[in-house]
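Engineer: As you go down the protein sequences, you meet chains A and B in turn. The first sequence begins at 2 in my numbering and counts up one residue at a time. The second sequence begins at 2 in my numbering and counts up one residue at a time.
It is worth saying that the hints were derived from the structure and are not from the lab. Be aware that a few hints might be false.
When chains are identical, the list treats them as one kind, so a pair holds in a single copy or across two.
[Claimed, not checked] Straight-line alpha carbon distances no greater than 25 Å define the calculated BS3-like cross-link-like pairs of lysine-lysine that follow:
hint : residue 1 : residue 2
1    : Lys113    : Lys174
2    : Lys117    : Lys199
3    : Lys117    : Lys315
4    : Lys95     : Lys117
5    : Lys263    : Lys47
6    : Lys159    : Lys174
7    : Lys47     : Lys315
8    : Lys47     : Lys272
9    : Lys229    : Lys299
10   : Lys47     : Lys252
So you can see what is in the structure, the chains are spelled out below.
There are 2 protein chains.
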Amino acid sequence: MDYLHGGDIYSVGVSNIVDFSSNINPFGVPESFNANINEALLLLTKYPDPHYRELKQGLSLYLKKYYEVNFLREDLLLGNGAVEVIDIIISFFKNVLIPVPSFSEYESSARKNGAKVVYSSLKDDMSYDYEDIYKKIQFSDVLVIGNPNNPSGNVINKDKFRKILEFCEKNNKIIIIDEAFIEFTGNIEESFIKDTEKYNCLVIIRALTKFFALPGIRFGYAVSKNIKFLEELRGIQLPWNINCFAEVAVKYVLKDEGYINKSLIWIEEEKNYFPQQLRKINFIEKVFESNCNFLLCKLNGINGQQLFNYSLSKGLLIRRGNNFIGLDDSYIRLAIKDRILNEEVIRIFETYYR
Amino acid sequence: MDYLHGGDIYSVGVSNIVDFSSNINPFGVPESFNANINEALLLLTKYPDPHYRELKQGLSLYLKKYYEVNFLREDLLLGNGAVEVIDIIISFFKNVLIPVPSFSEYESSARKNGAKVVYSSLKDDMSYDYEDIYKKIQFSDVLVIGNPNNPSGNVINKDKFRKILEFCEKNNKIIIIDEAFIEFTGNIEESFIKDTEKYNCLVIIRALTKFFALPGIRFGYAVSKNIKFLEELRGIQLPWNINCFAEVAVKYVLKDEGYINKSLIWIEEEKNYFPQQLRKINFIEKVFESNCNFLLCKLNGINGQQLFNYSLSKGLLIRRGNNFIGLDDSYIRLAIKDRILNEEVIRIFETYYR
């Protein structure tokens, strides 16, 4: 069986599995959501506001507080998960440039809509090849790029990216920056949110999925100052695409400072600790530099299939690299979880040769 | 301000409104959902099963129990609300036949995808013009038809529809039957679910929205024995389009016999009572025969705008007919609610001339 995405615990057929294939904040659902679940239950029998006015206000407040940018209702596009936002934006373009390896849904959306896809391979150290991107964007309409990228964990180098940004702004090309994991960098400066004020070509994707540990709730959004483009996109969206539980989640978790702060402390610690320990494992040749909550590893003397099977036999689910374009079965991706679980992975890996 | 759909209480700007514009079961959220909400909370931090195996099993059991048809996983298509299912199906066709007046999203989906839309007007008594549909389907790829229809409440006459069904089956045309309100007819024989066994051209749309009073949860689905067509549709769907609360709702409310039975008793009573009372109102010229939980009314001596404003001043939201194709502002649509609220409407209407 092949796994297109991480987190597919259902196809594995094993219960009580520790899922390191899915990169979700280990603190789990913010208590501020659970505490306000009754508000969602009261909304159930009503159709959502077609304009999601209160929800958008919540997003605006969050973005104002952390990024000091004012986003009005017109600057926001909402989706039933980030995949819906990504899909609707990509569906507008006929020539799509995608650095690889990356999240497979970028390419799926492009292909589904009959677009031509051009790849820009990451360098050997898994950083972006900015020169190659600059060359190839000349012949594309849109660049879809992760910040940080998945599965490699690298962020965009703002200095090196500037030339691409300026070119796209001048030549009416769109840059979609997928910042689904950006909060895990712990550094607001890494985000391109503030750059939207200067660059209309930028569309930034965010979600509640990863940092707020809510993949089941289905909520993602895009922000951009290209109001005309967003208006066009909203025009083809279906009404009521956000459920009432997601509405309530946005309202509470984005202002849950306790959850945000403890998560930042955790990731800062484990981002240092876990790779160090993994580098001591004899079949791990390399752990790539990551700025977020997952680690791409290169294997040596064992392939992904073998390590997957062995790990699964120990109750651990890992993500193989074999179906990422530009990777092969000598790569795996591991989530960073809490200290106890990270150590569990280390223990399981250590016992492999014994 | 114009209201494209019922239930847009957010644009009205009045709180504590009694919403007769939105046709939701007045029993509200089934207790069987609330009682199992913790199951959904536990699912929040996991991505949903990309194949929604358990959810589909729940649907199959329900359809087997009430309609005696076996639907396998391949026979089901899931959507983030019925609108998503309708949209993805309609997007496949270039010539769409729609009886009118009807739910505006049929046409929106067709237009968005650049399809040509042909109308078949309902007859004066708001029944379908089967001869006209038969003539026009010859030049269309797909028929999108409500059963019961919204806003008129009429069901399809199976005898008269047979000729259209046979023709579409033989000529590879698709018939989308929107049965979002079918449970309110109280008669399983009115549904075309069982006919899918004989007719591959049939695709039936259902939802939790109306009968189970869960518009906020966003869940709709399609059933068909045209496996190849559904497979193609699933191929262009985005992953994880159903949230975990909808998953849990399907699991419990569809087998909630208490809720289903009390709802059937209520609608049977009020479907007789409310129209009788409305017919006594002097500005209501006609209440059309309805087989479900809403009533289309023709006004006389007052227009929809005037009655809308008057009703709103009394805390009552009604649906004007003016933006339904084929109707005008001499029509309104009213939901059927419980006896107390229905009587409240009668009282408000009675006082209009005093």
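Engineer: Cα distance capped at 25 Å. Does Lys263 pair with Lys47 within a copy, between copies, both, or neither?
Structural biologist: Classified as between: cross-chain Cα gap 21 Å, same-chain 35 Å, threshold 25 Å.
Engineer: Evaluate Lys47 and Lys272 at a C-alpha cut-off of 25 Å and name the case that applies: within, between, both or neither.
Structural biologist: Close across copies (22 Å), not inside one copy (43 Å); limit 25 Å.
Engineer: Is it within a copy, between copies, both, or neither that the alpha carbon of Lys47 lies no farther than 25 Å from that of Lys252?
Structural biologist: Answer is both; intra-copy 17 Å and inter-copy 21 Å each pass.
Engineer: Treating 25 Å as the Cα threshold, decide for Lys47 and Lys315: within, between, both or neither.
Structural biologist: between (46 Å within a copy, 20 Å between copies)
Engineer: Can you tell me if Lys229 and Lys299 fall within 25 Å by alpha carbon in one copy, between copies, both or neither?
Structural biologist: neither (44 Å within a copy, 41 Å between copies)
Engineer: Between Lys159 and Lys174, at a C-alpha cutoff of 25 Å, which is it: within one copy, between copies, both, or neither?
Structural biologist: within (18 Å within a copy, 54 Å between copies)
Engineer: Regarding Lys117 and Lys199, is the shortest C-alpha distance of 25 Å or less found within a copy, between copies, in both, or in neither?
Structural biologist: neither (29 Å within a copy, 41 Å between copies)
Engineer: Taking 25 Å as the upper bound on the Cα-Cα distance, should Lys95 and Lys117 be classified as within, between, both, or neither?
Structural biologist: both (6 Å within a copy, 24 Å between copies)
Engineer: Classify it for me, Lys113 with Lys174: is the Cα-Cα distance of at most 25 Å met within a copy, between copies, both or neither?
Structural biologist: Both. Shortest intra-copy (21 Å) and inter-copy (24 Å) distances satisfy the 25 Å Cα cut-off.
Engineer: What label fits Lys117 with Lys315 when the C-alpha limit is 25 Å: within, between, both, or neither?
Structural biologist: neither (42 Å within a copy, 57 Å between copies)
The structure does not agree with the numbered hints 2, 3, 9 stated previously, though it agrees with the rest.
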